[in-house]
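Enquirer: Chains L and Y, in that order, are what the protein sequence lines are.
The first sequence maps to residues 1 to 208 in the working numbering.
The second sequence maps to residues 1 to 170 in the working numbering.
Think of the hints as simulated: they come from the structure by calculation, not from any bench.
Be a bit skeptical, because a hint or two may be false.
As the list claims (entries may be wrong) - Here are the computed distance ranges between Cβ atoms for each label pair:
1. L/Pro206 - Y/Pro55: 37 to 47 Å
2. Y/Gly130 - L/Leu35: 49 to 59 Å
3. L/Asp167 - Y/His18: 24 to 34 Å
4. L/Val99 - Y/Leu132: 22 to 32 Å
5. L/Leu50 - Y/Gly166: 32 to 42 Å
6. L/Lys182 - Y/Gly166: 24 to 34 Å
7. L/Pro52 - Y/Gly166: 25 to 35 Å
8. Y/Arg53 - L/Glu20: 27 to 37 Å
9. Y/Glu56 - L/Pro206: 50 to 60 Å
Every residue gets a Cβ at the ideal spot worked out from N, C-alpha and C, and that includes glycine.
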Amino acid sequence: MTSMPGAGRLTPLQIDALGEAGNIGAGNAAIALSLMVSKKVELSTPKASLIPLAGVPDLVGGPEAAVAGIYLEVQGDCSGSILLLLEEESALILASLMVPAESGEAGLTVVKRSALQETGSILSAAYLSALGQLTGLFFKPSVPGFAMDMAGAILDHVLADLAASEDHVLVVETDFIVSGVKIMGHLVLFPDLGTLDTILEHLGVPFD
Amino acid sequence: MIDTVKVGVAELKASDNHDVLASFGLGSCVAIAIYDPLMKVGGLAHVMLPESRSPEPPAMPGKFADTAVACLVEELIGLGARKRSLKSKLVGGAQMFELPGASSAEAKTACGPSVNIGARNIVAAREALGKLKIPIEGEDTGGNHGRTVRFDTSTGEVEVSSIRFGKSTL
Chain L
1 MTSMPGAGRL TPLQIDALGE AGNIGAGNAA IALSLMVSKK VELSTPKASL IPLAGVPDLV
61 GGPEAAVAGI YLEVQGDCSG SILLLLEEES ALILASLMVP AESGEAGLTV VKRSALQETG
121 SILSAAYLSA LGQLTGLFFK PSVPGFAMDM AGAILDHVLA DLAASEDHVL VVETDFIVSG
181 VKIMGHLVLF PDLGTLDTIL EHLGVPFD
Chain Y
1 MIDTVKVGVA ELKASDNHDV LASFGLGSCV AIAIYDPLMK VGGLAHVMLP ESRSPEPPAM
61 PGKFADTAVA CLVEELIGLG ARKRSLKSKL VGGAQMFELP GASSAEAKTA CGPSVNIGAR
121 NIVAAREALG KLKIPIEGED TGGNHGRTVR FDTSTGEVEV SSIRFGKSTL
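Next comes chain L alone, as it looks inside the complex (with noise of 0.2 Å):
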């Protein structure tokens, strides 16, 4: 067993096949998207960024900022999570695609949150076989979790899984809009950092 690998050793050579690879998992995941909602989904170039645990909640507009989180573990060959974030309003847009008008029920019902969730788990399954097929490693993602909450404190969450060990994260990061309606989000991979040398290894670049 190698020694956990510290951030701080990631090469640019590194970060870029992470992303490479976060726009391949994406790119599969805004397809699953597009025949969910049968609309065009469009996907912004993926960024592998290792940032500071203070600085992740910048990344989806601030920490106040009110959000539907839908969230899975990642456990197999590699483990850490994947997030899928959509603006409040993003997030009922997108619900009620999926869910024809109930009698006269506004908000966020459970029906509608159930589809939420269904879609995280539908994007994050499309994400995680792409970057199998990639990679050749099995990714097996958990059944998701749903809040809608401050961005912050989705966040939390997620970060203390990742943040026993290292004072920064590493997050592969999509921004989507589904075009014609306002729907913006953001998914959002982090991978463990304990187990990054694995996939690392299979994108072709090793640690020394």
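With chain L fixed as given, assemble chain Y onto it according to the hints.
Expert: Same frame as chain L, but now just chain Y:
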């Protein structure tokens, strides 16, 4: 005009300058406010985890409840606070996600250390304060909602706001 100083995740800050120290969007994290009401010196720590497991002192003492309390008290004393008059308030420690079946032992192992991390942070913060005999004058902890904290170091007043419950003062 009083300055609002942001205390981000895993950070801690102390002030003898009447600043308002703020932590935004706390979920399972706990904000620990410690102050000397007479000397008007106060500090805020935004802790993520209960305790440091490493034998070495952490690079960011604000990350763990145990090291954050010790470090904050030291900084406050450095700014003229007297240890005997220190008081504290705690905010946060929510459980944001309820994973289906998370109560089963199997799910707990599968979900990793973040299960109940909020509750464990609160317990660790209380213990660390208790060890230094610093009384807790107010608490808004637990539940499953996010909170923002604004701590007025000149009065010791803590304003808590959340999307679901609006504002309240400790």
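Enquirer: All hints are to be evaluated individually against the structure, with a verdict given for each.
Expert: Structure-based check of all given hints:
At about 29 Å, the beta-carbon gap between L/Pro206 and Y/Pro55 misses the expected band of 37 to 47 Å. About 55 Å separates the C-beta atoms of Y/Gly130 and L/Leu35, a value consistent with the hinted range of 49 to 59 Å. A hinted range of 24 to 34 Å holds for the C-beta pair L/Asp167 and Y/His18, which are about 30 Å apart. Between L/Val99 and Y/Leu132 the C-beta distance comes to about 52 Å, which lies outside the given range of 22 to 32 Å.
Remark: the range hint 32 to 42 Å for L/Leu50 to Y/Gly166 is upheld by a beta-carbon distance near 37 Å. At roughly 27 Å, the beta-carbon separation of L/Lys182 and Y/Gly166 lies within the given 24 to 34 Å, and the hint holds. Our hint of 25 to 35 Å for L/Pro52 and Y/Gly166 holds, since their Cβ atoms are close to 31 Å apart. At about 34 Å, the CB distance of Y/Arg53 to L/Glu20 agrees with the hint of 27 to 37 Å.
Checked against the hint of 50 to 60 Å, the pair Y/Glu56 and L/Pro206 fails, with Cβ atoms roughly 27 Å apart.
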